[in-house]
Amino acid sequence: MSAQPSLAASTGVQPLQRDFFARHPRRVARDLLGKVLVRSRNSKNGVGPVVLAARIVEVEAYLGENDPAAHAFAGKTARNSVLFGPPGYAYVYFVYGNHYCLNVSCQREGKAGCVLFRALEPLIGLETMARARGTVLKGPRDLPKLTSGPGRLAEAFGITRARDNGSDMVSPQSGLWIGDDGLYRGRVLITPRIGITKAADQPLRYLVAGNAFVSGRKRVT
DNA sequence: ATATCGATTATCT
DNA sequence: GATAATCGATATG
2 MSAQPSLAAS TGVQPLQRDF FARHPRRVAR DLLGKVLVRS RNSKNGVGPV
52 VLAARIVEVE AYLGENDPAA HAFAGKTARN SVLFGPPGYA YVYFVYGNHY
102 CLNVSCQREG KAGCVLFRAL EPLIGLETMA RARGTVLKGP RDLPKLTSGP
152 GRLAEAFGIT RARDNGSDMV SPQSGLWIGD DGLYRGRVLI TPRIGITKAA
202 DQPLRYLVAG NAFVSGRKRV T
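Read in order, the letters of the first sequence correspond to residues 2 to 222 in the numbering used here.
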């Protein structure tokens, strides 16, 4: 037994294996629904470790060099090099001069592919997320604005390219990882991807049916 | 409730 | 110089 309980133990979440990500982005995207994104890092004022956790409820698959909408489409560059590396690593990019977006690499070295995180359902550390978002929680109505949308969830988790690009999302020690708590059951809905102009018709967006934290307008299904 | 628009900068042509 | 895997504010029904 270690002196401190492991983060996996304290959150009740077991990290995913590398193999999970060594598959086609469509498979990975589908199977990421219901898993848990965990942030752990030392706090600045030394009060204690910061732990954030949220359930993944909406993602999009990007298919690499054959997908006109993917950052990997034009080949490997300094910006997207993580996508061409091994699976299970964080690809963080900056967009519209304002926001960071989080992806996880898939498939295998040399074969780019990834999944974009679009919405989360907060589980642990809601107040910290609200602070990071520059808001104060007054009621349940405020919760979706914390983590519904790729830019919002990145801000809530304090994700930046400088800090997190290239992090190993299979290792709790990296401070940003994905795990399974075995609790989730939900129905999956598949729709076209959002906010893109190329290949906008392909159904590569995966979401949990009826979940209140999914981004975009409410939908009756 | 839905539509439109401006902000702001890394990256690529 | 143009564009962008977005968000929040403002305008309008």
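Everything labelled a hint here was simulated from the structure, so no lab data went into it. A quick note: this is a predicted structure, and the numbers were derived from the prediction, not measured. Be aware that a few hints might be false.
[As the list claims (entries may be wrong)] Label pairs and their computed distance ranges (CB to CB):
1. R19 to I191: 17 to 27 angstroms
2. G217 to D143: 33 to 43 angstroms
3. T78 to V48: 33 to 43 angstroms
4. D20 to N99: 10 to 20 angstroms
5. V48 to K199: 15 to 25 angstroms
[Stated by the list, open to error] When the alpha-carbon atoms are kept at most 20 angstroms apart in a straight line, the in silico EDC-like pairs for lysine to aspartate or glutamate are as follows:
6. K112 to E66
7. K199 to D32
8. K45 to E156
Where a beta carbon is used, it is the ideal one built from N, C-alpha and C, also for glycine.
Hints, one by one, checked against the model:
1. R19 to I191: 17 to 27 angstroms: 26 angstroms, holds
2. G217 to D143: 33 to 43 angstroms: 18 angstroms, violated
3. T78 to V48: 33 to 43 angstroms: 40 angstroms, holds
4. D20 to N99: 10 to 20 angstroms: Taking Cβ atoms as reference, D20 and N99 lie about 35 angstroms apart, which means the hint is violated.
5. V48 to K199: 15 to 25 angstroms: Taking Cβ atoms as reference, V48 and K199 lie about 46 angstroms apart, which means the hint is violated.
6. K112 to E66: 8 angstroms, holds
7. K199 to D32: 25 angstroms, violated
8. K45 to E156: 17 angstroms, holds
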